[in-house]
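Spelled out, the chains give:
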Amino acid sequence: MAELLPQPKMPPAADLFEQAEQGHSLWQDAWHRLRKNHMAVIGGIFILIMGMASFFGPMMVEHGYQEQNLELRETPPSADHWLGTDKLGRDLLSRVLYGGRISLTVGLVATAVSLTIGVLYGTISGYCGGKTDAVMMRLVDILYALPFTIFVILLMVFFGRDIRLMFVAIGAVEWLTMARIVRGQVLSLRKQEFIEACIALGLPMWKIIVRHLAPNVLGPVIVYSTLTIPAVMLLEAFLSFLGLGVQEPMCSWGSLIKEGAEIMEEAPWLLLFPGSLFAATLFSLNFLGDGLRDALDPRASKD
Amino acid sequence: MALLSVNDLRTYFHTRAGVVRAVDGVSFSVDKGETLGIVGESGSGKSVACYSLMGLIPKPPGRIESGTADFDGQDLLKMSEKELNQVRGRRVSMIFQDPMTSLNPYLRVEDQLIEPLLLHGLADKATARKKALEMMEQVGIQGAASRIRMYPHEFSGGMRQRVMIAMALITEPDLLIADEPTTALDVTVQAQILELIKTMQQRMHMAVIFISHDLGVVAGFCDRVNVMYAGRIVESGATQSIYYHPSHPYNEALQRSIPALQPKGHELFTIEGQPPDLTKPLAGCSFAARCAHVSDVCRQGNPALKEMKDGHSTACVRVQEGGLELK
Chain A
1 MAELLPQPKM
11 PPAADLFEQA
21 EQGHSLWQDA
31 WHRLRKNHMA
41 VIGGIFILIM
51 GMASFFGPMM
61 VEHGYQEQNL
71 ELRETPPSAD
81 HWLGTDKLGR
91 DLLSRVLYGG
101 RISLTVGLVA
111 TAVSLTIGVL
121 YGTISGYCGG
131 KTDAVMMRLV
141 DILYALPFTI
151 FVILLMVFFG
161 RDIRLMFVAI
171 GAVEWLTMAR
181 IVRGQVLSLR
191 KQEFIEACIA
201 LGLPMWKIIV
211 RHLAPNVLGP
221 VIVYSTLTIP
231 AVMLLEAFLS
241 FLGLGVQEPM
251 CSWGSLIKEG
261 AEIMEEAPWL
271 LLFPGSLFAA
281 TLFSLNFLGD
291 GLRDALDPRA
301 SKD
Chain B
1001 MALLSVNDLR
1011 TYFHTRAGVV
1021 RAVDGVSFSV
1031 DKGETLGIVG
1041 ESGSGKSVAC
1051 YSLMGLIPKP
1061 PGRIESGTAD
1071 FDGQDLLKMS
1081 EKELNQVRGR
1091 RVSMIFQDPM
1101 TSLNPYLRVE
1111 DQLIEPLLLH
1121 GLADKATARK
1131 KALEMMEQVG
1141 IQGAASRIRM
1151 YPHEFSGGMR
1161 QRVMIAMALI
1171 TEPDLLIADE
1181 PTTALDVTVQ
1191 AQILELIKTM
1201 QQRMHMAVIF
1211 ISHDLGVVAG
1221 FCDRVNVMYA
1231 GRIVESGATQ
1241 SIYYHPSHPY
1251 NEALQRSIPA
1261 LQPKGHELFT
1271 IEGQPPDLTK
1281 PLAGCSFAAR
1291 CAHVSDVCRQ
1301 GNPALKEMKD
1311 GHSTACVRVQ
1321 EGGLELK
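Quick note, the sequences are listed as chains A and B, same order.
Numbers 1 to 303, taken from the working numbering, label the letters of the first sequence in order.
Numbers 1001 to 1327, taken from the working numbering, label the letters of the second sequence in order.
No lab work stands behind these hints: they were computed from the structure.
A quick note: this is a predicted structure, and the numbers were derived from the prediction, not measured.
The reader is advised that the hints may include incorrect statements.
[Unchecked claim] Pairs of lysine to aspartate or glutamate residues, derived as EDC-like cross-links and limited to a Cα-Cα distance of at most 20 Å, are as follows:
id : chain 1 : residue 1 : chain 2 : residue 2
1  : B       : Lys1059   : A       : Glu193
2  : A       : Lys207    : B       : Asp1186
3  : B       : Lys1059   : A       : Glu196
4  : A       : Lys207    : B       : Glu1083
5  : B       : Lys1059   : A       : Asp141
6  : A       : Lys131    : A       : Asp141
7  : B       : Lys1059   : B       : Asp1031
8  : A       : Lys207    : B       : Glu1325
9  : B       : Lys1198   : B       : Asp1186
10 : B       : Lys1309   : B       : Glu1180
11 : B       : Lys1198   : B       : Asp1223
12 : A       : Lys191    : B       : Glu1034
Could you build the full structure based on these sequences and the hints that come with them?
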């Protein structure tokens, strides 16, 4: 009977040695957990494909995104125009890909802006503590209370409509939550003994922040960033939908959805294609974000 | 000539509930190569006193109100952050209570070990690495060469404390402050860690300040002992003398509170009451409210530490007057 029992699989001796030599960082553990999460992996792959398609796609498609052909207005999908054409006879495929480029760029750039400001602000606030912290956080509270739409409309009125302004506007609003998250993290980390140990070793403040605090804050920051990107893209779509976002002939997913919604009864594909691509991208980003959160959650780790 | 002499150190915390006199006029000194124990209950100010020396008191709410801490001719309490960073980690090192949280979870043990050497410019990277490996072996980590590239979470609690000790001692400091280094460890590991600190101390001829609430640990480990209560030192003397001739009722009560392996049904001894509220100014002896030998003289004045014989001092007025014999 004994030989019928399943034998435990032993990794080759070389592998064991390798493990002993290098050890597993918490990052490697997290990566391992992430790879086991199928939804997150599918989400990640979809985003990669979407990113490549929006970046290289517009160069490869036959018709330019602003090329009008008034003979072919609102034609349904065909061999020549795979996704059909819009009310000015422009190729929808080309416009959807181009729109994706704008939407993803807004998502990435605005998130990067909010990340930079938020992390810097939150770290300083959390590390300094005391009065500095109180003043800095009250400022965040005040900015939180400003109605976003009015803020953006004001910006547009004063500085004119410009896509770069949209990056600034969205980034300027999104960093608030990031700052709060980072501050909370730093606040609890600062009390940990290894930070005290760093001070006791004679490390100057900037070194402690860069070398010891930053990697420990990074986990939640990455998670929040992946969840911020879809939020930002949604904001952009919302602004474009209101007509405050990107301007013709440029387009984003938001503005395409707006155009499609206007004539959805005559030409449903104009709403269907950009809408479903946008939704799928948002889903993927959220799945990836959730997966990352599970993978990086310290409570899930071995300790 | 003392390596470190602390004089009238007062560290207060200015909180909303009032001023907490965590350390209220503490003086002590440590000689080269000597081991000084500081014992007391939680909240007696033993850790705060040492944190003050290392500049680890969060300010605000903490503030060092007065005092000097003369370390090899320099006053630690008057140093700027920059000057202090020249001393911390190089000449004075510290190990902490909880080895689980005192290492950075995201850095390899090796990178954390060589950090003090690189920081203080004591070695280049290759030499530092070699030294780190030597230290790992010296603190008794089996298979140091293969474990040095691992991360803290791959070590057990006792092993992490060994790593902490290696990190603290890698610069060969003159003084090591050990803040309850064995509290979070189980008894067998505790004995190993104590043995290790002792060995390293003899090898490097450094002084050790050993903070603990465990009288048993201190007894076997220290040359001299300070007993702290409510932010003050109430008794100070050679370890033998402190244990066999307690001359402060608090010390005596503390020793009776050590649970021994006694037969079932034996009631454990406890000190009645709570330590005093440190936000309120104390009239008289801080232990008066809980003392079994209290009399009227105890509630007057502010009892000072007074030497009775052979470097054994007490802050108990009744013992000083000769009206009280303990044990």
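Hints, verified against the model:
{"no.": "1", "hint": "B:Lys1059 to A:Glu193", "result": "holds (17 Å)"}
{"no.": "2", "hint": "A:Lys207 to B:Asp1186", "result": "violated (34 Å)"}
{"no.": "3", "hint": "B:Lys1059 to A:Glu196", "result": "holds (14 Å)"}
{"no.": "4", "hint": "A:Lys207 to B:Glu1083", "result": "holds (16 Å)"}
{"no.": "5", "hint": "B:Lys1059 to A:Asp141", "result": "violated (25 Å)"}
{"no.": "6", "hint": "A:Lys131 to A:Asp141", "result": "holds (15 Å)"}
{"no.": "7", "hint": "B:Lys1059 to B:Asp1031", "result": "violated (29 Å)"}
{"no.": "8", "hint": "A:Lys207 to B:Glu1325", "result": "violated (56 Å)"}
{"no.": "9", "hint": "B:Lys1198 to B:Asp1186", "result": "holds (18 Å)"}
{"no.": "10", "hint": "B:Lys1309 to B:Glu1180", "result": "violated (29 Å)"}
{"no.": "11", "hint": "B:Lys1198 to B:Asp1223", "result": "holds (12 Å)"}
{"no.": "12", "hint": "A:Lys191 to B:Glu1034", "result": "violated (31 Å)"}
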